Each structure stands twice: as structure tokens, then as C-alpha cells.
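Model the full structure from these sequences, guided by the hints.
Okay, here's what each chain looks like letter by letter:
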Amino acid sequence: MAPIFLTIVFAYLFEIIGFLFSSLIYSFLFILYLKKSLRYSLLFSFIITISIFIIFFYGLNFRMPMGELVDTDKLFPFLEDIKKMIY
Amino acid sequence: MFDTIFVNLIDGFRIILQVKYLVYALGGAFLGTVVGVLPGIGSAGALAMMLPIILVLDPLGSVFMLAATYTGVMYGGSTASILLRVPGDTSAVIACLDGHEMAKQGNAGAALCIAAIGSFIAGTIAVVGLMILGPFVADLALKFSAPEYLALYIFAITAVCSLVGSSMVKALLAMVFGLMLSTIGEDFMGVKRFTLGITEFWDGVQFLSVTLGLFAISEVIINSESIISNKKKVVLKHKVFIKLKEIIYSFWSIIRGGFIGFIIGVLPGAGAGIASFVSYSVERQISKNPENFGKGEIKGVAGPESANNAASAGAFVPMLALGVPGSATTAVMLGAFLMLDIQAGPMLFIERPDVVWGLVAALYIGNIFLLILNLPLIGLFIKILYIPMALLLPIITIICMLGIYSSDQLTLSLYLMCIFGIIGYFMRSCDYPLAPVILGVVLGTRMEESFRQTMIMNQGNFFQIFDRPIVLIFFGLAIISIIIPFVFNKIKLNASDID
Numbered sequence: 787m788a789p790i791f792l793t794i795v796f797a798y799l800f801e802i803i804g805f806l807f808s809s810l811i812y813s814f815l816f817i818l819y820l821k822k823s824l825r826y827s828l829l830f831s832f833i834i835t836i837s838i839f840i841i842f843f844y845g846l847n848f849r850m851p852m853g854e855l856v857d858t859d860k861l862f863p864f865l866e867d868i869k870k871m872i873y
Numbered sequence: 389m390f391d392t393i394f395v396n397l398i399d400g401f402r403i404i405l406q407v408k409y410l411v412y413a414l415g416g417a418f419l420g421t422v423v424g425v426l427p428g429i430g431s432a433g434a435l436a437m438m439l440p441i442i443l444v445l446d447p448l449g450s451v452f453m454l455a456a457t458y459t460g461v462m463y464g465g466s467t468a469s470i471l472l473r474v475p476g477d478t479s480a481v482i483a484c485l486d487g488h489e490m491a492k493q494g495n496a497g498a499a500l501c502i503a504a505i506g507s508f509i510a511g512t513i514a515v516v517g518l519m520i521l522g523p524f525v526a527d528l529a530l531k532f533s534a535p536e537y538l539a540l541y542i543f544a545i546t547a548v549c550s551l552v553g554s555s556m557v558k559a560l561l562a563m564v565f566g567l568m569l570s571t572i573g574e575d576f577m578g579v580k581r582f583t584l585g586i587t588e589f590w591d592g593v594q595f596l597s598v599t600l601g602l603f604a605i606s607e608v609i610i611n612s613e614s615i616i617s618n619k620k621k622v623v624l625k626h627k628v629f630i631k632l633k634e635i636i637y638s639f640w641s642i643i644r645g646g647f648i649g650f651i652i653g654v655l656p657g658a659g660a661g662i663a664s665f666v667s668y669s670v671e672r673q674i675s676k677n678p679e680n681f682g683k684g685e686i687k688g689v690a691g692p693e694s695a696n697n698a699a700s701a702g703a704f705v706p707m708l709a710l711g712v713p714g715s716a717t718t719a720v721m722l723g724a725f726l727m728l729d730i731q732a733g734p735m736l737f738i739e740r741p742d743v744v745w746g747l748v749a750a751l752y753i754g755n756i757f758l759l760i761l762n763l764p765l766i767g768l769f770i771k772i773l774y775i776p777m778a779l780l781l782p783i784i785t786i787i788c789m790l791g792i793y794s795s796d797q798l799t800l801s802l803y804l805m806c807i808f809g810i811i812g813y814f815m816r817s818c819d820y821p822l823a824p825v826i827l828g829v830v831l832g833t834r835m836e837e838s839f840r841q842t843m844i845m846n847q848g849n850f851f852q853i854f855d856r857p858i859v860l861i862f863f864g865l866a867i868i869s870i871i872i873p874f875v876f877n878k879i880k881l882n883a884s885d886i887d
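As you go down the protein sequences, you meet chains W and U in turn. For the first sequence, my numbering begins at 787 and goes up steadily by one. For the second sequence, my numbering begins at 389 and goes up steadily by one.
A few of these clues could be false.
[Stated by the list, open to error] Part of the chain U face toward chain W, derived, beta carbon under 10 Å:
(1) Ser612
(2) Ile615
(3) Pro764
(4) Leu779
(5) Ile786
(6) Cys806
(7) Ile810
(8) Ser817
(9) Cys818
The hints are simulated quantities; they were obtained by calculation from the structure and are not laboratory data. This one's a predicted model, so the numbers in the text were calculated from it and none came from an experiment. C-beta atoms are modelled at their ideal positions from N, C-alpha and C, and glycine is treated no differently.
Here's what the structure looks like:
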């Protein structure tokens, strides 16, 4: 049941800290839970999060939560600028 | 009559067989397939996403691109269901049953091939149906009112419940659970039910939360458990292509799926989901080995996938002939027509034959492109199954989350997905089928609406619906679908006693 607990935490953090950070934490913990090494988990959680973000945010123009507690928009203003350039 | 149809069709092909229109159709089929793979977008969402693109094209090009996108989405939806057990749409739910089982047995290539071939053949049957029978079937569809829909929904539910899973009682309980879920929210008369004071529940439980929770999240939990418990997973070498004898074996299922899909697709509101459920139950009912269904039977993929694609072409009939959108997707399409200053309805055939026959030709071409695009891509799609589970599982969950969040921007729907994931996990542990729950959720609201309308029409006398011949046919089919499994079981028991 640990995966479902992780998923509930992910759902809780989704709007609070935004997609980028919540997805990064979730995938890192999930991969680590599935008995992979720390380096492996860290590397692939980055790759997974960034790839999904690029496909959905830029490729499919999805609206993603940018976070209330941690505002991804303010932290990385270039993300939105790139999108404006594309669309 | 056939001369006129033939001449019109040639004109349609003359229009679309221009390089720019072919590029639009190819682009539409490709984008549709890619977007269809992702859960949460669905065919209506995919077409809505295309609207900004089509505005810069000329009207005919826009119509062709939308039509090709639609066919692409219907095929793409099954890919995620077969490979990952992640159905993005109602119509893709059935592909999870036998399609995913085939993938588990190393036959993912065959499942995807038969889905592509079935979609092509059935799509072509449906386009021929659209051309020849369109106006006639549209008239027949107009004879369907609330009692006929109620009877159709009852038939769909009984047919599926009597055939899915090992126990009919468990299937019925699962369906009742789905029906109960469908009662949450504002009802037909505006009364709020079982909302627990939560405003987000006024619109009911989101279909995607239920589907992705039951199918995808439960799969994630089960797979994580097997990784943690160090169960050695055999790495299968997946076959990329299908054997000719498998195509021949599934041929009549595809044809039946094509006809079932077209007829159900024409009925406004029925949709591709019901078509695929009905096709699955028909295939299992007439099969010599019904016990193979749910365990990786190729006919369980061929029939429903064909029905699904044929229904999408069938849905064009009421839209073009009557200007009535039968589904959310055709409603978006109708909206696009309005944006392009094309008025759908009976006069469309006279005023804009270029649009109608160009669209028919575009559907033919779209189906061919779909086959050309997807058969070589199957090898690539199968590569997904070689991704280590430790990476694939978080990817599936994140994509499910995004799919759900994009549709209503509610965190509550994400929590619901988790809850349904747990429910799905326990249901699977106790051997309860999941498909009847989905059918219950999808049909519950519509059944209730039809029932209430029927009661109003008949001034409270329910039995008056038996005066209608179409209702009698559907009720007869419903009774047969319940009785047949019992009769077959009895015959089998007798045969084993004799042995």
C-alpha cells in the first residue's frame, strides 16, 4: 500500500508546490521505494519529470499547477516565456 | 442511387487527393494517434485542441484534418489500454481486458496489429454505411426515444454483466456499485444527491478518476508489490507482428464489430463505449471458447476495437444528415463546422456536397493513413514494455494525474483516483470484474434520465413501453443474454457428466 500512500501525498502536494517539484519528489521516492539506488532514483526522477513537463506543458499546451507555496512561475520565469514563444 | 453515390464519392476523392489535403489528413491521423494514447484527453478534447490549428487552414482542409484526427484518437486510445492498462476513454476500457492480457503473454504486437487492422476494416465498413445507409439510418435513429434508449441501456448492461468475469453475481454487484456511483451529484430534476455537502460533487464523480483509479492505479499497486516481493518477472520477447491465421481467425469478429459499431454509433448519445461493450459481449456469447475471454483472446480485442472505430464514423450520420451531434466529439465537430461557416443538417448534402463527400473520402484516406502509420509504429510502441517497471510505474501515475487534473483542475478528483485505485486493487484481489463498474458509471445517469422521461411520457405506467417493437427486441436480447450463459453451463455440465 506504500505506492498508494505516496500517490496521495503527491496529489496533496500537486497544487501546493506545483507539478515540477511534486512530480520530482514523487518519482524519486517511488523509484527509491522500488529498491533502486539513490543515484539511479535521482537521475531518472529528473529525466521523467522534465520529459513529461516538456511534452505536456509545451507540446500539448496543458495547464499545470505551478504551486501556491512554492511558485514555479516566479522561480523559473523563463518556463512561461518559452511557452509564449511557442504559442 | 448507387450511380449518384459513386459520382459524388469520386468528386470527394478528387478534392482530397490534393497534396495539401493529404498532408492535413496525415497530420491529423498522426496527432490523433499520439494524443489518443494519453489518458484524460479523449476524442472530444483532442478535437478541441485542434481548433486553434484548423482556424488557419481553409474550411475543407480543416474538416479533413478533424476527421482524420478523430479516427486517429479512436485507435490511439487502445494502445495505452493494451500496453499499460491505462484506458483514456470509455471506448478503450474493453481493450484492457484481453488486450492487456495478450501483452502480458508477449503478444502485444498481435494485439496492436489486430486493433489497427480491425479499425481499418471496420472503419471502412462504417464509411460505406455512412455513404449508402446514412440518410435511412438517420431516420431510424429518430424513432429512438426515451423508452428505446432505456431498453438499449438495459440490454448493454445485462449483456456485459452476464459475460464479464467468472461469476455473474460478482459482475452484477460490480455493476450495481457503478450505478450507485452514477447517482452522486445533481440529478435530472436538479436535486443534489450524496454530495456530502461538497460542491465539487454536484457534477458527480469524474469518470476519469474512476476509470484510471480502478484500472491504472490498481495495476501500479499490484506491480509495485510484485517488485518489492522480489517476484522474478520473466522478460518476454514481444512479437511485433501478427500471424495471418490470427487475422483470418478474427476476421468475422472484425466484420461483426464493424456492423455493431456503425449501428450503435448512429444512435445519438449511445457512443463508441457502448458499441465496444456490446461487441465484446456478442463475441464472447457466440464464441466456441468463451472461457478464453479475459485471458488474452484475440477476438476480444478485434471485435470491440472494430466496433469502437466504426462507431466513430457512424456518429457522423446524425451530425451530417440531421445536424444533431450524437456525442461530445461530434458536438465539438459541429462547433468547428459553425466556426468554418458550414451549416450541418439535411441541406448540407445539397448545399455543400464538397464538404460531405470530401469528408467521406477523408475518412477513407484517414483509415488508410492510420494503417500505414501505425503498423510500422507497433515495434516502437512495444518498446514501452521494455522500460523497467520501476520507471514505468511512476510515469503511469504522473500521466494519470495530469490527465485527470487537466480535465477539471480539481485536487479532489486526484484523491478520488487514489481511492478508486485502492477499491480496484481489492476488487481484483477478490476476483471482481472492473468493466461492469465503468459501464454502470457511464450508463447510470443516462438510464435514469431515459427511465424518468419514459415514466413522464407514459404518465407513470411503465408497462406501456412494451407496446413498442424496438423495446421488445432489446428486452428480448437482454433476456437471451442472461439465459444463454446458464444454458451453456448446463450443457457443459451434462457433457462432462456423460464423459
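Results of checking the hints against the structure:
1. Ser612: holds (4 Å)
2. Ile615: holds (5 Å)
3. Pro764: Pro764/U check fails; min Cβ-Cβ to chain W is 22 Å, beyond 10 Å.
4. Leu779: holds (6 Å)
5. Ile786: This hint holds: Ile786/U lies near chain W, its Cβ roughly 5 Å from the closest one there, short of 10 Å.
6. Cys806: It holds, given that the least Cβ distance between Cys806/U and chain W is near 5 Å, below 10 Å.
7. Ile810: holds (6 Å)
8. Ser817: Violated - the Cβ of Ser817/U stays beyond 10 Å from chain W, reaching only about 12 Å at its closest.
9. Cys818: violated (16 Å)
The earlier numbered hints that this structure contradicts are 3, 8, 9.
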